[in-house]
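With the hints as constraints, model all of the structure from the sequences given.
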Amino acid sequence: METKLIIILILMIAGAIHSLHARDLLSAIVSYGVVGYSLVVGFLLLKAPDLAIVQIVVETIALIIMVSVLIISTREDLAEKSTVKIKGQSYVNIRNLSFVFFALVTGVMLLYFFNIVTTGLPELGIHETRMATEYIANGVEGTGSINLVTAVVFDYRGYDTLGEATILFTAVMGILAILRLKTHKI
Amino acid sequence: MIPYMLCFVLFLVGLYGVLTRKNILKIIIGLCVMEYSLYLFLAMTGYIEGGAAPIIDPANRAGSVVDPLPQAIVLTAIVIGLATTALLLAIAIRLYKKYKTFDIDKINTLKG
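Listed in order, the protein sequences are those of chains A and B. Heads up, the first sequence is in our numbering, so the first residue is 111 and it goes up one at a time. Heads up, the second sequence is in our numbering, so the first residue is 334 and it goes up one at a time.
In case anyone wonders, no lab produced these hints; they're calculated from the structure. Just to be clear, a hint being listed does not mean it is correct.
Unchecked claim - Simulated restraints, written as ranges between beta carbons of each label pair:
#, chain 1, residue 1, chain 2, residue 2, range
1, A, GLU112, B, THR353, 30 to 38 Å
2, A, GLY230, B, THR442, 18 to 26 Å
3, A, ILE256, B, GLY383, 15 to 23 Å
4, B, ALA395, A, PRO159, 39 to 47 Å
5, B, ASP438, A, ILE256, 51 to 59 Å
6, A, LEU154, B, THR442, 46 to 54 Å
7, B, GLY383, A, ASN248, 19 to 27 Å
8, B, THR442, A, SER208, 30 to 38 Å
It should be emphasised that the depicted structure is a prediction, and the values quoted were computed from it without experimental measurement. Backbone N, C-alpha and C define an ideal beta-carbon position, used for all residues, glycine too.
As structure tokens, this is what we get:
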């Protein structure tokens, strides 16, 4: 179980790194799809089928929107970028080495602080349900839903879902406002 | 502890992308990768070894189920993440229409 999760996470990290370093934007988006669909498998391993279903839908929509953003672009800027070369200067100089050094120090420091923060957490797979104990015991009779995630989202935390709907509405209004504007000549 | 660490490494990869990439689409991809690492981390904190998915058969209540509360919260976060990603991509479309590039170094005439 934990081994499978580690393999999925390594796949996600590899996909993310390739996505950030791909030369072609389309292959970057496809590698980003690898990250998202690996997350679906991770959710299934963690026994969260609702999250897996929602993540499949969300990832597909996000990929479609990203490709539709990409196909309005032309190849001009990419072609221009490939002609710009480093002017006879080697990558290995004292400035770049110091950047790499500071990046490594910052990364190790952040990992150290993450380790401090998560020492209170139990190991993966050992978890005491505190608030959810009552939900698990009485959720089916109390809400009439045999799916406890649905019971929490739509009944116990219904106001959260109302706020989520408000955020979605605001985001759609923002997208409409941004895409409807006519460009003004300055 | 290793899966938690790898989640944080994934977060750092996304942060690296946001900080160093010049292409606006890759910056958005970095933000999404950071979001994904958080979703997986939160889903992991509610996992119970040997537990079933939180769907209960009222006739047969044997066995434990995993914690449904982090899953419900991650469900909310996923949908909001899609909304913010779509908003960012709409801004990217507008920027491309105005400046004909995705390179944020060339989008440098943001004055009235």
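How the hints compare with the structure:
In this structure the hint that GLU112 of chain A and THR353 of chain B lie 30 to 38 Å apart at CB holds, the actual value being about 32 Å. Against the hinted window of 18 to 26 Å, the Cβ-Cβ separation of GLY230 of chain A and THR442 of chain B comes to about 49 Å, which falls outside the hint. Distance hint for ILE256 of chain A and GLY383 of chain B: a CB-CB separation of about 20 Å, consistent with the stated range 15 to 23 Å. For the pair ALA395 of chain B and PRO159 of chain A, the supplied restraint of 39 to 47 Å is violated, since their beta-carbon distance comes to about 19 Å.
For ASP438 of chain B and ILE256 of chain A, the Cβ-Cβ distance of about 54 Å falls inside the hinted range of 51 to 59 Å, so the restraint holds. A beta carbon spacing of about 47 Å between LEU154 of chain A and THR442 of chain B agrees with the range 46 to 54 Å that was offered as a hint. A hinted range of 19 to 27 Å for the beta carbons of GLY383 of chain B and ASN248 of chain A is consistent with their spacing of about 23 Å. The hint said 30 to 38 Å for the Cβ distance between THR442 of chain B and SER208 of chain A, and at roughly 32 Å that hint holds.
The structure does not agree with the numbered hints 2 and 4 stated previously, though it agrees with the rest.
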